[in-house]
Amino acid sequence: MWLWFHKLSTARHFYALATRLTPWLGWLAGISIAIGLYLGLVVAPIDYQQKDAYRIMFVHVPSAWMSMMIYTMMAVSGAIGLIWRIKLAHVACTAAATIGASFTLITLVTGSIWGKPMWGAWWAWDARLTSELILLFLYLGFIALESAIPDRTKGQKAGAILLLAGVVNIPIIHYSVLWWHTLHQTASVSKFGIPSIHISMLIPLLVMTFGFMLLFLTVLALRMRAMILETEYQSKWLRQLEESG
Amino acid sequence: MTRAFGALLKRDLTLVARTPGDYTTPVIFFVVCTTLFSFVAGKDIAVLKSIGPGVIWVSALLASMLSLEGLFRSDYEDGTLEQILTAPAPLPLIVLAKAFAHWISAGVPLLLISPILGILMNLDFHSTTILVVTIAISTPTFSLIGIFGAALVISQKKAGMLLSLLTLPLCVPILIFSVSAVSAAADQLPIGGHLMLLAAFFVFTLTLSPFGTAGALRIMLSN
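Top to bottom, those sequences are chains U and Z.
The first sequence: position 224 = 224 (the working numbering), numbered continuously.
The second sequence: position 142 = 1142 (the working numbering), numbered continuously.
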């Protein structure tokens, strides 16, 4: 088991595995997102209060979960890279950053599209919205820092440290924003009653989340393969792979 | 160990004392920035009074960030930093000395000028006092968060924007609690909780930032 992990952490074995898995992941992602969309947009009943507008939740909520999960994954991966000096972990961080930022942006955009008919405003300085926006800034900061440092390895290590600082701060930022909201109650904003969600709405939500996760893995594998190709283009194993197939 | 701390502190402060621009520019920036907001708010005293603490706070935050960019610049360019790194004293302690020097040269001037800005913004005496107290607790926290950011962007020529992008999101909680404290003071509400949280942030960054910064410096200066 341990040996298998060790083997996987080398670019060569990861590349081979990722090449084999990508089509499977991609198709599975496509199928589950299609099923999730069908269940969410057609099968799930209309909400008695929000009518059809609530259906944007089936994209919004999974992307919000993904945006937070990807940041945590990046921080863990960055720590692994720093502690055990595994290059591939840093590559995973860099590859995941843009995807995470995209999910965060999707969350914000779908949220404000939903907010316009429900709240009557595109944006409210609500606790959740604000902390999601700050999460976007953290992603952008990471991407900007990495791209600003010409030496790639150095940039990735610096980025990993920034991620760790960010992950320590995220709970603090989140709760401070929450308290800020309660201290300055501007408008009574109704939110989803998540605990009391009906099963017919919960299932498409979970299917969509599963699909988004697979989509993330597919894109991550593609991007990591591209980055490995960029850095290892002179290596022997890659040439052998090219000649053989 | 304490000798290394004292020597570095003395050196940094001497360098700052000989270039007056280093400690006057942030103060001027602070005042100009606050003045700009008063034009935006118009002549309505009530509006000015309600946004006053926030405006002063954001300006103070930006002014501290402005002065951070050059924190490691000259030491990095002329190779002094590499020499400091080889010193027998622990690197986090050295970082702490630099952060302390930065606070004295950039934080304290802001602290001294802030009561005047409070008066300009029509804050009452009690709120102005609390404003000064929050700035006194939080500017060292800014220096500690900022030094971490400055270590990460050390090799950049024009690092100001990037540094702000990295560190400003991390400063959000401090901003929130400081402004809440001043607003609560204006409404005659208790403020002990806010001040204690600000102090907690300070202790928190004081414990973690020197180690994070030392790690970042080692990475950025490794070959």
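The set of hints was computed from the structure by calculation and includes no laboratory data.
Worth double-checking, as some hints may not be accurate.
What the hints assert, rightly or not - Here are the simulated lysine-lysine pairs, DSBU-like style, with alpha carbons at most 35 Å apart:
1) U:K87 x U:K154
2) Z:K1158 x Z:K1010
3) Z:K1158 x U:K116
4) U:K154 x U:K51
5) U:K87 x Z:K1158
6) U:K87 x Z:K1049
7) U:K154 x Z:K1010
8) Z:K1043 x U:K116
9) U:K154 x U:K7
10) U:K154 x Z:K1157
11) U:K154 x Z:K1158
12) U:K236 x U:K51
13) U:K7 x U:K116
14) U:K7 x U:K236
15) Z:K1157 x Z:K1010
16) U:K7 x U:K51
Exercise for review: Provide an ascending list of the numbers of those earlier hints which the structure does not satisfy.
Suggested key: The structure conflicts with hints 3, 4, 6, 12, 13, 16, although it agrees with all the remaining ones.
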